[in-house]
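Colleague: If you want the building blocks of each chain, they are given just below.
There are 2 protein chains.
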Amino acid sequence: MDRKDEKSEAKGKGGNKPFQSDKPEGFLQVERTLNVHLLPKTVKRRVYALKRLQLQSANIEAKFYEEVHELERKYAGLYQPIFDKRRDVVAGAVEPTDEECEWQSDREEEDLAEDLQKKAALEEKQADPAGAEAPRGVPEFWLTIFKRVDMLAEMLQDHDEPILKHLQDITVKFSEPGQPMSFTLEFFFEPNSYFSNTVLTKVYKMKSEPDAEDPFSFEGPEIIDCEGCKIDWHKGKDVTVRLIKKKQKHKGRGTVRTVTKELPQDSFFNFFNPVKASPEGMDVDLDFTLTTDFEIGHFFRERVIPRAVLYFTGEALEDDDSYDEEDLEEGEEEDLDDEGEEEDEGDFDPKKDPPPAECKQQ
Amino acid sequence: MDRKDEKSEAKGKGGNKPFQSDKPEGFLQVERTLNVHLLPKTVKRRVYALKRLQLQSANIEAKFYEEVHELERKYAGLYQPIFDKRRDVVAGAVEPTDEECEWQSDREEEDLAEDLQKKAALEEKQADPAGAEAPRGVPEFWLTIFKRVDMLAEMLQDHDEPILKHLQDITVKFSEPGQPMSFTLEFFFEPNSYFSNTVLTKVYKMKSEPDAEDPFSFEGPEIIDCEGCKIDWHKGKDVTVRLIKKKQKHKGRGTVRTVTKELPQDSFFNFFNPVKASPEGMDVDLDFTLTTDFEIGHFFRERVIPRAVLYFTGEALEDDDSYDEEDLEEGEEEDLDDEGEEEDEGDFDPKKDPPPAECKQQ
Numbered sequence: 001m002d003r004k005d006e007k008s009e010a011k012g013k014g015g016n017k018p019f020q021s022d023k024p025e026g027f028l029q030v031e032r033t034l035n036v037h038l039l040p041k042t043v044k045r046r047v048y049a050l051k052r053l054q055l056q057s058a059n060i061e062a063k064f065y066e067e068v069h070e071l072e073r074k075y076a077g078l079y080q081p082i083f084d085k086r087r088d089v090v091a092g093a094v095e096p097t098d099e100e101c102e103w104q105s106d107r108e109e110e111d112l113a114e115d116l117q118k119k120a121a122l123e124e125k126q127a128d129p130a131g132a133e134a135p136r137g138v139p140e141f142w143l144t145i146f147k148r149v150d151m152l153a154e155m156l157q158d159h160d161e162p163i164l165k166h167l168q169d170i171t172v173k174f175s176e177p178g179q180p181m182s183f184t185l186e187f188f189f190e191p192n193s194y195f196s197n198t199v200l201t202k203v204y205k206m207k208s209e210p211d212a213e214d215p216f217s218f219e220g221p222e223i224i225d226c227e228g229c230k231i232d233w234h235k236g237k238d239v240t241v242r243l244i245k246k247k248q249k250h251k252g253r254g255t256v257r258t259v260t261k262e263l264p265q266d267s268f269f270n271f272f273n274p275v276k277a278s279p280e281g282m283d284v285d286l287d288f289t290l291t292t293d294f295e296i297g298h299f300f301r302e303r304v305i306p307r308a309v310l311y312f313t314g315e316a317l318e319d320d321d322s323y324d325e326e327d328l329e330e331g332e333e334e335d336l337d338d339e340g341e342e343e344d345e346g347d348f349d350p351k352k353d354p355p356p357a358e359c360k361q362q
Numbered sequence: 001m002d003r004k005d006e007k008s009e010a011k012g013k014g015g016n017k018p019f020q021s022d023k024p025e026g027f028l029q030v031e032r033t034l035n036v037h038l039l040p041k042t043v044k045r046r047v048y049a050l051k052r053l054q055l056q057s058a059n060i061e062a063k064f065y066e067e068v069h070e071l072e073r074k075y076a077g078l079y080q081p082i083f084d085k086r087r088d089v090v091a092g093a094v095e096p097t098d099e100e101c102e103w104q105s106d107r108e109e110e111d112l113a114e115d116l117q118k119k120a121a122l123e124e125k126q127a128d129p130a131g132a133e134a135p136r137g138v139p140e141f142w143l144t145i146f147k148r149v150d151m152l153a154e155m156l157q158d159h160d161e162p163i164l165k166h167l168q169d170i171t172v173k174f175s176e177p178g179q180p181m182s183f184t185l186e187f188f189f190e191p192n193s194y195f196s197n198t199v200l201t202k203v204y205k206m207k208s209e210p211d212a213e214d215p216f217s218f219e220g221p222e223i224i225d226c227e228g229c230k231i232d233w234h235k236g237k238d239v240t241v242r243l244i245k246k247k248q249k250h251k252g253r254g255t256v257r258t259v260t261k262e263l264p265q266d267s268f269f270n271f272f273n274p275v276k277a278s279p280e281g282m283d284v285d286l287d288f289t290l291t292t293d294f295e296i297g298h299f300f301r302e303r304v305i306p307r308a309v310l311y312f313t314g315e316a317l318e319d320d321d322s323y324d325e326e327d328l329e330e331g332e333e334e335d336l337d338d339e340g341e342e343e344d345e346g347d348f349d350p351k352k353d354p355p356p357a358e359c360k361q362q
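Line order of the protein sequences matches chains A and B.
First residue of the first sequence: 1, per UniProt numbering; consecutive thereafter.
First residue of the second sequence: 1, per UniProt numbering; consecutive thereafter.
In this list, chains with the same sequence are indistinguishable; a pair is considered to hold if it fits within one copy or across any two.
Simulated crosslink set (PhoX-like; lysine-lysine; CA at most 20 Å straight-line):
{"hint": "1", "residue 1": "Lys165", "residue 2": "Lys44"}
{"hint": "2", "residue 1": "Lys74", "residue 2": "Lys63"}
{"hint": "3", "residue 1": "Lys85", "residue 2": "Lys44"}
{"hint": "4", "residue 1": "Lys85", "residue 2": "Lys51"}
{"hint": "5", "residue 1": "Lys85", "residue 2": "Lys74"}
{"hint": "6", "residue 1": "Lys261", "residue 2": "Lys237"}
{"hint": "7", "residue 1": "Lys205", "residue 2": "Lys63"}
{"hint": "8", "residue 1": "Lys235", "residue 2": "Lys261"}
Worth flagging that the hints you see were computed from the coordinates, not collected in a lab.
The following block holds chain A by itself, in its conformation from the complex (with noise of 0.2 Å):
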C-alpha cells in the first residue's frame, strides 16, 4: 500500500551537465539534485527565470483552492438534508417508510451462508421477543463506527464507551468566506449524566497560502493548528482525569490527612483538550501528537461523516496489507474482498483521484 510516484536515491555526487555529454550512456550517472550552480552562467539564469515562474504556479493554484473551498461550501448545503435525515433515522426520531428503506441489490442477502440465516432468525427471536422493548432509531451507531475505525478504536477507553452511547450526530462546518479557512467538527450529546455540554467541538484551522520560505513545497490547504472545547463535567463523572487518595502529614503536629489528587487518564475526550501547536521549536513528541491529532480529524472530515453508515456496516472498512487469510472465515472473506474496492486515502491510486479535504464532501 506503500506504491509511490518516485524514489530518490542518493547516488554518487557532481554536477549534472547533461548537454555536455554526447553519449547517451553519458546520462546513466545523472544526479538527483542538480547543483544549478555548475551550469554555465547563462543557462543558470534561465533556471532561476523558470522557478520565478513557478512562483506564479503556487500563487495561482492557492486561489485555484480557495474556490475549491466556496465550492466545497456550496455543496455541504446540498448535502445537509441528507445528513439531517440520518441524524434523524439513526435517533428514531423519524421512521424511513417502507419505500425508503427498500434495498435493491442486496448483496448481503447473496452472501448469507443458510446457517447464517437460521442464526439470524434465531438472534432476531431473542432479539425482539414480540417486538417488546424494540430499539429505538439505529442504537450505538456512532459508538458502534468508534469501535470499527481503528484510528479511532486506539482513542477510545472502556469508560469512553458509556458516554458515546449518547453520542447522536457528528457534523463539520466550513469557514465562511473572507474568514481563515477552517473546519469545525461537532459532536451533539442527547442529554446525558456525565456533562452538561449538549455539543463538544473541535475546530481546525488551515493555511491555504504557499509558505515565503518553501513556496515549493505548497500542495494546498494544510492544518496547521487546531483547538478543543471545554467540557462541563458533571461532579465526579470526568473520565480524563482519576482521582487517587494520597496521604500528607503534618509538620509539627504529625497529624496525617488524606488529600485526593487528579491524575489525567487515557480517554477519547483527551480529543476536545488538544496539545497547542507551536510552530517554532516543536518537540518529536509534540509533533507526533499534533500529526496524529491533525490525521483524526481530517479523517472525520473526509470519511467518517461523509459515509457513517458504510463505517457502521463495515462496507468502508479497507482491506489491509497485513490481514492474514488463514484466519478467514468464508463470509469474512467475502466481506473482506468487498471491502478490498474500497480505496485507501493513503494509497496513491493514479485510477482513482482521492481529493483534498478542500476539495470534496463525499
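Mind docking chain B on chain A? Use the hints.
Modeller: Then chain B, alone, in the frame of chain A:
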C-alpha cells in the same frame, strides 16, 4: 510512507449487536463487518434507509466533481501563459530579462561549499570558453527530468535518449464541457531524424459517476482507459522494434535466403502504443501494465507538467524511506532534507491535502 487511516483485521465471526449488550466490555469483540441480517428487522430497515441516503450523497458528489473539473479547466487557462513562457525559455526562443531571472532566496548559494564554488568556476570555463558554442535555452530540460524521476527513468532506454533530446514541451489538455471527462498529454518535439510527428499524444479517459454495481466505492473521477497515437517513424528509426535476420531454406530448391524480422523492444515510446483496457476478464499482467500506465499518465499530469523545473533541479524529488544516509555527502544531505519537505502524493498526510486530478493544476 504507508501510513493508513485504519487497518481492518479479520477477527472472530458472528454479528455485532451492540444494542443488546449492556457492559462496555461487551463491545471489545466488535466485528469488522456487521452482518446486517443479525440486526432486528426494525433496525435493519433503518440501516437500509441510511444506505439509500448514502447513494444520494454519492450522486451529489459526482456533480461536485463535474464542477471541480470545470474549475480546473478555468485554471488551466490561467496557468497557460506561464507554461508558454516556460516552453519558450526552455527552447531558447526567448531570453528572460535580468529582472525575470532574479532569484532572491538563493538557497543553492548558501548550500554551496567553497570547493564546489571553485569547481563550478572551473567547469564554467570548460563549458563556454569565451562564450563559444553557448547552449540554447535549457538544453535537455525534459530529458533530464526523465532521468531524475524513477518512474520515468524505468521506461527510459539508451536508444530513447537521443530522441528525447528533441522533446520541447509536455502539456495537458482537458476535455470540453459536455464531453466525456478525459485529459490528453501532448509531447511536442522539434523536427528530428527519428519520426515526422511534431506532437505525440496520449488520451486518458475518465469516469466520474458512481459505479452502478458498487456505488459506495466512488471516490471521484477515475481513469478507465487510455489511447496512444501512431508514431510515423522514419525508415529504420523505430526504437520500439529491433530487426533480426533469419535464414529461410526453400523447401523445393533448398536455397537459403535471409529475411529480416521485427521484434518488439523496450522503449519509452511504447507509452504511445498502450495495451487496451478490456472491462471484463482482464488478466493480471495486463491489469498491472494498465495500472502502471495510468499511474504514469496521472503523474505527468499532476506533478511533472505543473512543476517541471522542480524536477529538473531535483527540488521536487521526494525523500525516500529507503535511502541510505551513510551514502550522502553533506551538500546532498541538505538537498535531500529539502526534498523531504515535499509531499509524496502516495503518502496520506492529513496536514496536507493532495488534490485529485480533477481538482489540481499545480
